[in-house]
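*Asks:* Can you make the complete structure from the sequences, with help from the hints?
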Amino acid sequence: LAKTTQPISMDSYEGQEVNITCSHNNIATNDYITWYQQFPSQGPRFIIQGYKTKVTNEVASLFIPADRKSSTLSLPRVSLSDTAVYYCLVGDSNYQLIWGAGTKLIIKP
Amino acid sequence: EAQVTQNPRYLITVTGKKLTVTCSQNMNHEYMSWYRQDPGLGLRQIYYSMNVEVTDKGDVPEGYKVSRKEKRNFPLILESPSPNQTSLYFCASSLSVPTGTDNSPLHFGNGTRLTVT
Chain A
1 LAKTTQPISM DSYEGQEVNI TCSHNNIATN DYITWYQQFP SQGPRFIIQG
51 YKTKVTNEVA SLFIPADRKS STLSLPRVSL SDTAVYYCLV GDSNYQLIWG
101 AGTKLIIKP
Chain B
110 EAQVTQNPRY LITVTGKKLT VTCSQNMNHE YMSWYRQDPG LGLRQIYYSM
160 NVEVTDKGDV PEGYKVSRKE KRNFPLILES PSPNQTSLYF CASSLSVPTG
210 TDNSPLHFGN GTRLTVT
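Chains as they are written, first to last, in the numbering used here: chain A, 1 to 109; chain B, 110 to 226.
These are calculated hints, taken from the structure and not from any lab test.
Each residue gets a CB set at the ideal place from its N, CA and C atoms; glycine is no exception.
It cannot be assumed that every hint is accurate.
Said to hold, decoys possible - Incomplete in silico selection of chain A near chain B, CB under 8 Å:
#: 1; residue: Tyr-13
#: 2; residue: Thr-29
#: 3; residue: Gln-37
#: 4; residue: Phe-39
#: 5; residue: Pro-40
#: 6; residue: Gln-42
#: 7; residue: Gly-43
#: 8; residue: Leu-97
#: 9; residue: Ala-101
Stated by the list, open to error - Distance windows between CB atoms, simulated:
#: 10; chain 1: A; residue 1: Glu-17; chain 2: B; residue 2: Ser-189; range: 42 to 52 Å
#: 11; chain 1: A; residue 1: Gln-96; chain 2: B; residue 2: Thr-195; range: 35 to 45 Å
#: 12; chain 1: A; residue 1: Glu-58; chain 2: B; residue 2: Asn-137; range: 21 to 31 Å
#: 13; chain 1: B; residue 1: Gly-149; chain 2: A; residue 2: Phe-39; range: 36 to 46 Å
#: 14; chain 1: B; residue 1: Ser-191; chain 2: A; residue 2: Asn-30; range: 19 to 29 Å
#: 15; chain 1: A; residue 1: Glu-17; chain 2: B; residue 2: Glu-179; range: 39 to 49 Å
#: 16; chain 1: B; residue 1: Thr-131; chain 2: A; residue 2: Arg-45; range: 14 to 24 Å
#: 17; chain 1: A; residue 1: Pro-7; chain 2: B; residue 2: Lys-166; range: 25 to 35 Å
*Replies:* The following block contains the structure:
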């Protein structure tokens, strides 16, 4: 059975780079890895998606090793407004969605 | 503006009184789904729909019904709500299935906080 594992919480400071890792040991071979951000009282919001190696957009980077058993969301130079819960999402071999439990990121001044 | 709209945002009801939470998207998305979010349990899928008139159970479908008569709407129905259905509910949509080779990102509504007493 596919499962994803993320740290429950992380702290960092403004201006730092933050890396959040998700392990997904049974991801479907043709599935993408997607990360979402959720602020209080809002629905999750898509951040980034990738299949392998590295993907970068204006918000974040996503690093995926060759075995695809984990992925790392990288947030460069975080600010207070990056305080949120971050979820990874993968599909398993049965095309079911497997959500991580979420990582609560707190950015301090 | 492209969005997923849920109504109501807040709802307090009593056990056994049927209710419907509406969800509408204006992006012509094929895939729609409902989640509940509870502290410590993350996001759990209730039902999903890959297209009009096609619905399937998610991880926690007991006590819920859905329908997909039109592409844009996907209402969640609680025929006889119970206190254990007190939760934060999210509707989400995507252009196509959010997994596999299609893998379209999900767009979420802002949630409906339901309290059943």
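*Asks:* Against each hint, give a clear statement of whether it holds in the structure.
*Replies:* Hints and how they fare:
1. Hint status for A/Tyr-13: violated, given a least beta-carbon distance of 27 Å to chain B, over 8 Å.
2. A least Cβ separation of about 10 Å between A/Thr-29 and chain B goes past the 8 Å threshold, and the interface hint is therefore violated.
3. The interface hint given for A/Gln-37 is violated, since its Cβ lies 11 Å from the closest Cβ of chain B, which is over the 8 Å cut-off.
4. Against a cut-off of 8 Å between C-beta atoms, the interface hint on A/Phe-39 is violated, since the closest Cβ of chain B lies about 10 Å away.
5. Hint on A/Pro-40 is violated. Least Cβ distance to chain B is approximately 10 Å, over the 8 Å limit.
6. Taking 8 Å as the C-beta cut-off, the interface hint given for A/Gln-42 holds, the closest approach to chain B being about 6 Å.
7. Against a cut-off of 8 Å between C-beta atoms, the interface hint on A/Gly-43 holds, since the closest Cβ of chain B lies about 3 Å away.
8. Of the supplied interface hints, the one on A/Leu-97 holds, with its beta-carbon coming within about 6 Å of a beta-carbon of chain B, less than 8 Å.
9. With a least beta-carbon distance of about 5 Å to chain B, the hint placing A/Ala-101 at the interface is held under the 8 Å criterion.
10. A/Glu-17 and B/Ser-189 have their C-beta atoms about 50 Å apart, which keeps the hinted 42 to 52 Å range intact.
11. Range check, A/Gln-96 to B/Thr-195: Cβ separation about 26 Å, and the 35 to 45 Å hint is violated.
12. A hinted range of 21 to 31 Å for the beta carbons of A/Glu-58 and B/Asn-137 is consistent with their spacing of about 25 Å.
13. The hinted range of 36 to 46 Å is not satisfied by B/Gly-149 and A/Phe-39, whose Cβ atoms lie roughly 19 Å apart.
14. For the hinted restraint 19 to 29 Å between B/Ser-191 and A/Asn-30, the CB-CB distance of approximately 40 Å leaves it violated.
15. At about 45 Å, the CB distance of A/Glu-17 to B/Glu-179 agrees with the hint of 39 to 49 Å.
16. Restraint check, B/Thr-131 to A/Arg-45: a C-beta distance of roughly 21 Å satisfies the suggested window 14 to 24 Å.
17. A beta carbon spacing of about 31 Å between A/Pro-7 and B/Lys-166 agrees with the range 25 to 35 Å that was offered as a hint.
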